[in-house]
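The sequence shown begins at -13 in the numbering used here and counts up one residue at a time.
In short, the hints are calculated from the structure, not lab data.
No false leads were mixed into what you were given.
Straight-line alpha carbon distances no greater than 30 Å define the calculated BS3-like cross-link-like pairs of lysine-lysine that follow:
hint, residue 1, residue 2
1, 292, 282
2, 248, 211
3, 236, 44
4, 15, -5
5, 44, -1
6, 6, 21
7, 211, 76
8, 138, 256
9, 54, 292
10, -1, 21
11, 211, 188
12, 256, 236
13, 221, 256
14, 30, 256
15, 44, 211
16, 15, 292
17, 54, 286
18, 15, 57
19, 239, 44
Quick list of simulated restraints, FRET-style, between CB atoms:
hint, residue 1, residue 2, range
20, 155, 108, 32 to 40 Å
21, 109, 51, 49 to 57 Å
22, 241, 52, 32 to 40 Å
23, 139, 111, 24 to 32 Å
24, 284, 120, 43 to 51 Å
25, 185, 111, 35 to 43 Å
Think of the CB as a built atom: it goes at the ideal place given N, C-alpha and C, for glycine as much as any other residue.
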Amino acid sequence: MTVLVATEKPFAKTAIDGIKKVIDDAGYKLELLEKYTSKEELLKAVENVEALIVRSDKVDSEVLDAAKQLKIVVRAGAGYDNIELAAATKHGIVVENTPGQNSNAVAELVFGLAIMAGRNMFDGSTGSELKDKTLGIHAFGQVGRNVARIAKGFDMAVSALDPYCPAEVIEAAGVTPITDLKALYSGNKIVSLHIPATDETKKSVGYELLTLMPKGGILVNTARKEVIDEEGLMKALRERPDLKYVADVKPDKAAEMEEEFKGRVFFTPKKLGAQTAEANINAGIAAARQIVAFFKDGDKRFQVNK
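Take these sequences, add in the hints, and give me the full structure.
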């Protein structure tokens, strides 16, 4: 049994050591493809492996066609839109993610970005504090719940909207549930985005919602760039010079936004939410353990292509 770790952005050495131990203890073989620079390298590497661990690497139909022995792909992280699920299902390949392993890292970054925006991107001018501000969480999954936990330390008033999460679960976290999307944006000085990029959510956050935000509103996006209507965002920023947008996902129109809205937008150079040593280790080792559980026990609890 061969497990391939294929990562353009490699795991930390500690994570690889942990993955290797899990794979070795199970009696499997581990292969590494790190910092690869061409798709051809990936296509060749997957030819004879039964399991694949990736990060943000693209696993499309061409990769799956080349992987004749592949039974399972695990995305070390929560988001899995880099994997072509329909093609995997067609090939009879199980796709899993590792939910929750990166959630604290992403949640901490939310507050790093929010503080930066509140302090006017640290330009030396007078900014504002997070204490006593209202925070709206758009989707209350693992990251959203960690955001709520951290927000309590800042004495923020927190509300959340998630049609897939029972109100009692949100309330149990000490958060006020909201069912109306417009109310989430109009009622919160800061909104933190955690929705996935689906047909339903793509370009769903734009002009209409952003212009509902209170004066000095800040939108923090550590989710996906695709959920933002960039034209609508730019129109809102143009009409509302008090609004700010900070993101862990660089928009397609990043250069235009940075030029036109200097001091009001900020984007990390690459997606950094899960880029901590701790998250790196947690997600990688979780992926290895899930592969072992799949082959030894038939465990598919984290399968996403059902």
